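Peer 1: Protein sequences, first through last, are from chains A and B.
Numbering-wise, the working numbering puts 164 at position 96 of the first sequence, and it's gapless, one number per residue.
Numbering-wise, the working numbering puts 290 at position 204 of the second sequence, and it's gapless, one number per residue.
Worth double-checking, as some hints may not be accurate.
Stated by the list, open to error - If you want the ones that stay clear, here's a sample from chain B, every Cβ over 10 Å from chain A, calculated:
1) Pro158
2) Lys215
3) Lys282
To be verified - Using 27 Å as the maximum straight-line C-alpha spacing, the simulated DSSO-like pairs for lysine-lysine come out as follows:
4) Lys298/B <-> Lys230/A
5) Lys282/B <-> Lys298/B
6) Lys101/A <-> Lys160/A
7) Lys352/A <-> Lys298/B
8) Lys330/A <-> Lys160/A
9) Lys352/A <-> Lys160/A
To be verified - FRET-style restraints, in silico, Cβ to Cβ:
10) Lys160/A <-> Glu172/B: 15 to 23 Å
11) Glu172/B <-> Tyr324/A: 48 to 56 Å
12) Ala213/A <-> Gly125/B: 38 to 46 Å
13) Pro159/A <-> His106/B: 41 to 49 Å
By construction, these hints were calculated from the structure, which means they are not laboratory data.
Please read these numbers as outputs of a predicted model, since none were measured by experiment.
Positions of the beta carbon are idealized from the N, C-alpha and C atoms, including for glycine.
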Amino acid sequence: MGIAAQLLVNGLIAGGTYALAAIGYSMVYGALKFINFAHGSIAMVGAYIAFVLFSLGGIPIIPAFLLSMALTALLGVLVERLAYRPLRASPKLASLTTSVAVSFALDASVMMLLGAEIRSFRLPMQRTFQIGPVYLTLVQTVIIACSFAFMFGLYFLLTFTKLGKSIRAIADDLLLAEISGINGNLVIAAVFAIGSALAAAAGVLIGMETNLQPTMGFMITVKAFAAVVLGGLGNVYGAILGGFIIGIVENLGAWYISPVWKDSIAYVILILVLFVRPAGLLGKPEDATVV
Amino acid sequence: MSVLQVDNVVSGYGSMEVLHDLSLAVGQGEIVAMLGPNGAGKTTLLRTIFGVVPPWSGTITYKGEDISGVPPERLVRMGLAYIPQEYNIFASLTVQENLEMGAFIRDDDIHPRIEEIFELFPDIAERRKSRAGELSGGMRQMLAIGRALMLNPELLLMDEISTGLAPFLVDAIFERVKELNDQGVTILLVEQNAPKALQTSDRVYIIEGGEKKAEGNPEAIAADEEIARLYLGRS
Ligand SMILES: Nc1ncnc2c1ncn2[C@@H]1O[C@H](COP(=O)(O)OP(=O)(O)OP(=O)(O)O)[C@@H](O)[C@H]1O
Ligand SMILES: [Mg+2]
């Protein structure tokens, strides 16, 4: 019982970071209808920006974290402007392929600038709390708090603000949105900014809990992609749900089945769900056929 | 003076030319109807006017200003509005949010205008919190019109708003169109329902194969056996 509760909480922690990363995936798919495979690498860059500011630049962790989110948002906007916007009218496969190239370019840039070795934030706050049978480190508590805070913020933005409504409007129908007077390019830029900032948050939190490597983006992409498809392409709340399910199932599976299978479990679940619900848990059927 | 003037416009998709040197004009306060068979290029003309499809050549002027190729976002600010033939509502947004998007460019309080639209279409007022995709066909079209009216446009382009609706709804919608026109909105509409269009409009253009085949007042067009047989699907 105790162990199950601990695994569940561990799953929640991992799931929170997957969910944060998956949000940007889902939002970009919503706006532009392609899967941005560079998203994991954007998260990786976010983690490294915070690392450079904090560990090398001596900036306290909270400002370093927030600054990394802001700078990564800018990076996301830049990538959209330079790499994806010129391809907007082309087949989606062109954008998808480009996103793979962007991903490699980002990984290589970080490797060149900072080396391939494993880095760590070395946070001096490994204090542990006990809640019933569950143990949590301070970092883990921060991860849970941050991921819920950001998700709530996103819900608020999408539901109650003009920008949020316009983000949903362009995801629904970009042409009709432009006909209504919405500046599509501006809203798409906002989507990339928000998605990339949340990816940076995911990257930093993953970096704090484990460590940093220039190739960590690939693992984030793999998990976030599974979360997005599991939850239903284009549905942000589905992506969040998918992230948590994958985090939890992974942790349970690693313990009860074998740690060797930890990373495959997400995909086993994904495939099983897609058999029953091709559009994912919360997805619309018409999105199931779109790459 | 014409509010809208289309002069020798050529446009199409990719390398396929759809509109061949097409000209028409819409005067202040008019309801002008465009009729013609499927694939005639009626939708393409509205898209070209509204900056969705770029014109290959020719000019489009609105109140004396060249608007050829001007993007929709700017046209909206100039007082134009467009109800597309398909996908004319945000299905995943609520009814009220659809109207809010119609006034996206306004930064002041739009709620009074939303209430005015709800007074015009009381049926959708009761559904303001429903997702637009859950509405019936007639209510969808009312919402589509409502969205386009949010900014009090001077010129309204409407593409087949009555298609697929029951006759009583067609009548209701055209009554609204008449009322809007009485309030000063100039209207260019495309219609499949030729009798209804002839009954509602001040002037009619017959389009086929991307060309203008005839123009005139509804009585003259209706009386022309040749036009009726060739383009309006009657014999
Ligand atoms: N997005 C598009 N891409 C390529 N060709 C198109 C596109 N839309 C329309 N066409 C073609 O352009 C021509 C004119 O189509 P358009 O939709 O303007 O006709 P329409 O008069 O509005 O017909 P309908 O009464 O069926 O609505 C047709 O041959 C059509 O197949
Ligand atoms: Mg048409």
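Peer 1: Confirm or reject each hint.
Peer 2: Cross-check of the supplied hints:
no.: 1; hint: Pro158; verdict: violated, 5 Å
no.: 2; hint: Lys215; verdict: holds, 12 Å
no.: 3; hint: Lys282; verdict: holds, 24 Å
no.: 4; hint: Lys298/B <-> Lys230/A; verdict: violated, 42 Å
no.: 5; hint: Lys282/B <-> Lys298/B; verdict: holds, 20 Å
no.: 6; hint: Lys101/A <-> Lys160/A; verdict: holds, 7 Å
no.: 7; hint: Lys352/A <-> Lys298/B; verdict: violated, 42 Å
no.: 8; hint: Lys330/A <-> Lys160/A; verdict: violated, 32 Å
no.: 9; hint: Lys352/A <-> Lys160/A; verdict: holds, 19 Å
no.: 10; hint: Lys160/A <-> Glu172/B: 15 to 23 Å; verdict: holds, 21 Å
no.: 11; hint: Glu172/B <-> Tyr324/A: 48 to 56 Å; verdict: holds, 51 Å
no.: 12; hint: Ala213/A <-> Gly125/B: 38 to 46 Å; verdict: violated, 59 Å
no.: 13; hint: Pro159/A <-> His106/B: 41 to 49 Å; verdict: violated, 29 Å
Checked against the numbered hints above, the structure violates hints 1, 4, 7, 8, 12, 13; every other hint is satisfied.
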